[in-house]
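2 protein chains.
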Amino acid sequence: MEICLKPIGFVRHGFRDEEVKNSVLGVPGYIEVLPEYAEGLLNLEGFSHIFVIAYLHKTREEDRRVLRVKHRRLLRFGVKIDDLPEVGVFATDSPARPNPLALSILRVRSVEGNRIYVDNLDLFDGTPVLDIKPYDRGRVVQDVKEPWWAEELEKRIRGRLGLNLTP
Amino acid sequence: MEICLKPIGFVRHGFRDEEVKNSVLGVPGYIEVLPEYAEGLLNLEGFSHIFVIAYLHKTREEDRRVLRVKHRRLLRFGVKIDDLPEVGVFATDSPARPNPLALSILRVRSVEGNRIYVDNLDLFDGTPVLDIKPYDRGRVVQDVKEPWWAEELEKRIRGRLGLNLTP
Chain H
1 MEICLKPIGF
11 VRHGFRDEEV
21 KNSVLGVPGY
31 IEVLPEYAEG
41 LLNLEGFSHI
51 FVIAYLHKTR
61 EEDRRVLRVK
71 HRRLLRFGVK
81 IDDLPEVGVF
91 ATDSPARPNP
101 LALSILRVRS
111 VEGNRIYVDN
121 LDLFDGTPVL
131 DIKPYDRGRV
141 VQDVKEPWWA
151 EELEKRIRGR
161 LGLNLTP
Chain U
1 MEICLKPIGF
11 VRHGFRDEEV
21 KNSVLGVPGY
31 IEVLPEYAEG
41 LLNLEGFSHI
51 FVIAYLHKTR
61 EEDRRVLRVK
71 HRRLLRFGVK
81 IDDLPEVGVF
91 ATDSPARPNP
101 LALSILRVRS
111 VEGNRIYVDN
121 LDLFDGTPVL
131 DIKPYDRGRV
141 VQDVKEPWWA
151 EELEKRIRGR
161 LGLNLTP
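If you read the protein sequences in the order shown, they are chains H and U.
Going by the working numbering, the first residue of the first sequence is number 1, and it counts up by one from there.
Going by the working numbering, the first residue of the second sequence is number 1, and it counts up by one from there.
The following block holds chain H by itself, in its conformation from the complex:
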């Protein structure tokens, strides 16, 4: 069974892939919705945040066979490789996964014609976008619980950066 989809738009920002990888809170830019779908943006203005489901087109074929990962991105925050737990790909947002889909929560700056200007893009320039949905109040979960390793790692990053990582 194969499910085939077409991009409804693309990520645009002009930064190099390495710059996106090394940014902590992402880069500013916009989602360019293809003209034939632009009507679908009607009334999106007014939502402070959106979900973007994108296809990570630079993921290699062998990355789609990965089922366990370590959060290697954390190494540059001073976390040692041995401290990193090995976790299933469905317990992370690692780009290495059977279907390389990204789920980004982006703060909306403005909607202008077929462009949605956003702040914190963690996607490479030219990434195909499959869908856009509003982040409404119903998406805010009040009593989120995480496993200890996820809490611990998040704490270390926040401590290191002195940052609130919420989008």
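Everything labelled a hint here was simulated from the structure, so no lab data went into it.
Do not take every clue at face value.
Identical copies look the same in the list; a pair holds intra-copy or inter-copy alike.
[To be verified] As a list, the in silico DSS-like pairs of lysine-lysine whose alpha-carbon atoms are at most 27 Å apart:
| hint | residue 1 | residue 2 |
| --- | --- | --- |
| 1 | K70 | K6 |
| 2 | K70 | K155 |
| 3 | K21 | K58 |
A quick note: this is a predicted structure, and the numbers were derived from the prediction, not measured.
Here the structure of chain H is known, so what remains is to put chain U in place on it, guided by the hints.
Below, chain U without anything else, positioned relative to chain H:
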């Protein structure tokens, strides 16, 4: 440009489509991850909620050409058709959209082998699942803003049901 994906699992609950449509908070059931991907669930236990990206396989071909919708689901909450604003599909979670993808936030009951037992499934029995991601604290947006029409409609539903609609 076509992007082709394979299901990593399926929604299972045994309720009829009409029962799912008429349920307000969804139905209980499980996500059955295909055995070849089950290892990807390692360490998912401990997250209270997950995102599920699913493919709405019962969406008709003509529904993929829809770009503006009214929230007809609201009619049964006493909202009149004329009160409903027409909105772009990317400002709603309507199943009629160019790529019929669903983004569900589900409360996890337990993870047992290749099954994730969840509470509030708003997906039909047998729906193909494309990806699963943890809902971690970083996904909670503190200062969500919505357009007036979305707030108004949400208020009416909550009032009618006396319910908190958060998952």
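Hints, verified against the model:
no. : hint          : in the structure
1   : K70 with K6   : between (31 Å within a copy, 24 Å between copies)
2   : K70 with K155 : within (17 Å within a copy, 43 Å between copies)
3   : K21 with K58  : within (13 Å within a copy, 38 Å between copies)
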